[in-house]
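Trainee: Just so you know, the protein sequences line up as chains L and U, in that order.
Residue numbering for the first sequence follows the numbering used here, starting at 1 and increasing by one per position.
Residue numbering for the second sequence follows the numbering used here, starting at 1 and increasing by one per position.
What the hints contain is simulated information worked out from the structure, not anything from laboratory work.
Don't take each hint at face value.
FRET-style restraints, in silico, Cβ to Cβ [to be verified]:
hint, chain 1, residue 1, chain 2, residue 2, range
1, L, G367, U, E86, 54 to 60 angstroms
2, U, R38, L, A378, 49 to 55 angstroms
3, L, A378, U, E143, 43 to 49 angstroms
4, U, G242, L, V17, 27 to 33 angstroms
5, L, D398, U, E86, 16 to 22 angstroms
Glycine included, C-beta positions come from ideal geometry on N, C-alpha and C.
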Amino acid sequence: MLWNAFLLALREVRRNVMRSFLTILGIVIGVAAVITMVTLGNGATAKVTEQISSLGTNLLELRPGQGHRGPGGTRSTADMFEIDDVQAIEQEISGLAAVAPVASQSSQVIYGNKNWSTTVTGSSNAYLKVRNWTLDIGREFTEGELRSGKAVCILGNTVRKELFSGQDPLDDTIRLEKLSCKVIGVFKSKGQSSFGMDQDDFVLVPLRMLQRRIAGNTDVSAISISARDGISTEKIEQDIERLMRERRRILPGKDDDFHIRNMEELVSTLTGTTKVLTGLLGAVAAVSLLVGGIGIMNIMLVSVTERTREIGIRMAIGAMEREVLMQFLVEAVVLSSFGGLFGIALALSASFWFAGMLQVPFIFNPGIVVVAFLFSAAVGVIFGFFPAQKAARLDPIDALRYE
Amino acid sequence: MNPRVLDITTGLTAQPLIELKDVSKVYGQGHAAMKALRGVDLRIDEGEFVAVMGPSGSGKSTCMNILGCLDTPTNGSYLFKGVEVENLSRNQRALLRRHYLGFVFQGYNLLNRTSAIENVELPLIYRGMPAGERQARARKSLEAVGLKGWETHTPGELSGGQQQRVAIARAIVTEPAVLLADEPTGNLDSARSREIMELLRALNHKQGISIVMVTHELDMAAYATRIIRFMDGRIETDEQNGEAD
Chain L
1 MLWNAFLLAL REVRRNVMRS FLTILGIVIG VAAVITMVTL GNGATAKVTE
51 QISSLGTNLL ELRPGQGHRG PGGTRSTADM FEIDDVQAIE QEISGLAAVA
101 PVASQSSQVI YGNKNWSTTV TGSSNAYLKV RNWTLDIGRE FTEGELRSGK
151 AVCILGNTVR KELFSGQDPL DDTIRLEKLS CKVIGVFKSK GQSSFGMDQD
201 DFVLVPLRML QRRIAGNTDV SAISISARDG ISTEKIEQDI ERLMRERRRI
251 LPGKDDDFHI RNMEELVSTL TGTTKVLTGL LGAVAAVSLL VGGIGIMNIM
301 LVSVTERTRE IGIRMAIGAM EREVLMQFLV EAVVLSSFGG LFGIALALSA
351 SFWFAGMLQV PFIFNPGIVV VAFLFSAAVG VIFGFFPAQK AARLDPIDAL
401 RYE
Chain U
1 MNPRVLDITT GLTAQPLIEL KDVSKVYGQG HAAMKALRGV DLRIDEGEFV
51 AVMGPSGSGK STCMNILGCL DTPTNGSYLF KGVEVENLSR NQRALLRRHY
101 LGFVFQGYNL LNRTSAIENV ELPLIYRGMP AGERQARARK SLEAVGLKGW
151 ETHTPGELSG GQQQRVAIAR AIVTEPAVLL ADEPTGNLDS ARSREIMELL
201 RALNHKQGIS IVMVTHELDM AAYATRIIRF MDGRIETDEQ NGEAD
């Protein structure tokens with residue numbers, strides 16, 4: 001009986017290919033929009049997560065001054081850290097994988113007749129560990145180089161491209177401002193960060209060299225800390241805060257004059273944002289699915305009126321109310337399911353294409369495809385019911401006489 | 001659905017096939033009320049070929065609708081094989097039509113853009129017959145009305161006479177107890193009309209299908225074994241037709 005109704009419905013759809021297509025267009029677009037939005041949203045979330053984890057998810061960053069700027073903030077007046085602070089953290093806080101002091105300054109780098117403006121960062125080998133950098137070629141700093149502040153440097157990939165354009169930079173000498181500096185390595189490229197910054201545009205030198213020969217002070221402008229795997233960054237954050245308050249002699253009740261940035265928080269904030277956006281876009285798309293359903297109801301109502309005579313004939317030869325109801329209901333469901341299928345096909349190709357264009361990963365989510373399909377079928381049931389009921393309640397004599 | 005509620009075979013008796021007792025039908029209410037039937041008594045036995053005649057508005061179409069269980073009498077009772085039709089639900093009346101009645105309408109009433117054989121199969125679909133058997137029977141039925149080879153043609157590709165024959169094939173494919181025909185030749189020329197009438201007479205003779213047919217034309221009524229004339233909602237004359245053989 002249901003199978004028969006299904007075959008009848010198929011025939012009805014085939015009989016009016018153009019009208020059927022226009023009827024389901026709303027559903028097609030609705031389903032396609034929902035799936036595309038959710039797929040792209042998931043891709044964007046995945047990309048953000050991936051990019052931030054390339055910084056190191058268990059990364060804490062300690063900076064002087066308060067996190068917020070504006071009135072009341074003590075950022076400008078807060079003291080910089082010293083190398084002693086780094087050592088104190090290393091010694092007194094447990095559960096750390098690496099602690100890297102960071103000082104940086106923007107500077108001109110020159111090689112031959114080429115000239116590039118970049119950031120020179122002074123740190124130790126711990127910097128590589130904390131920030132997830134790996135060497136493409138060359139080596140890390142030696143203990144001696146770090147201790148004495150020798151003029152050696154490791155280039156970010158962008159700097160290498162700008163200055164050496166394909167040449168092997170190892171053991172060549174570049175100039176940082178007026179200082180000659182030997183290239184001992186090049187980092188593997190990380191590409192753009194999720195904030196659109198080129199992460200590869202920097203030169204790493206020993207901290208002591210930057211302090212003495214370029215900056216001319218002993219400031220450490222930030223301390224990057226990575227926790228060991230499985231250790232709660234929250235606990236470490238509290239420990240560091242206590243230690244730093246003590247070292248910087250902040251009286252109880254006074255605000256910190258430093259702040260700790262937690263990458264985990266940043267990840268959850270950012271992915272939270274993209275998830276909310278995904279949900280929002282999906283919801284807007286779902287509205288179009290609903291509008292598509294109303295389109296189906298319209299056409300089905302027209303169809304019932306148009307086929308009043310047919311309904312009369314069916315009733316005269318013995319169709320029961322529920323059989324007529326079933327016929328029109330199944331027809332609506334078949335139509336909307338077709339819409340769903342077309343929509344899924346359209347969505348998958350569209351999101352694949354968009355994912356390539358927006359450079360986010362294409363993440364196939366079978367869940368949303370199934371949900372969208374079931375939703376489109378449900379739209380058929382809901383919006384098909386009223387017209388079907390109208391058809392089933394027709395009086396056979398009136399229906400037969402209808403012109 | 002409870003099958004017992006729908007079981008209309010209980011209580012069915014062989015004779016009489018159709019019995020109207022003092023049936024009246026009133027359309028509208030108060031001053032606007034129109035009495036289409038004013039106390040009709042009628043008994044039709046199995047195997048009869050009845051022609052119903054009368055001017056327009058004499059109540060013959062209303063009577064046919066009541067006989068076809070498409071409409072119910074305002075007063076009086078209609079017994080189909082001894083079962084009071086008024087006591088049946090809408091669905092039960094649908095089942096009664098499905099299993100015992102065949103309709104041939106003046107306007108053919110075939111499904112457009114649907115092949116002849118699919119039209120003929122339609123009542124069998126509602127009987128839940130498997131596709132193979134259904135097609136075989138529809139084919140046979142079309143052959144019986146002389147439309148072998150026209151199975152895949154749609155009504156638009158058939159002449160009026162052919163369409164009416166498809167309609168007859170659809171009505172007889174279920175082997176109904178009664179074939180109700182409302183001016184089956186109304187839209188046809190005399191040659192086609194005679195073909196249709198010969199066909200009906202053959203069905204009546206060979207298959208024993210009872211036929212009740214409304215017609216305006218004496219020529220057509222002459223094929224019947226009994227002629228009933230309506231006038232102003234009453235049966236005026238009811239006589240056996242000696243000429244029919």
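Trainee: Can you name, in rising order, the numbers of the hints this structure does not satisfy?
Mentor: 4
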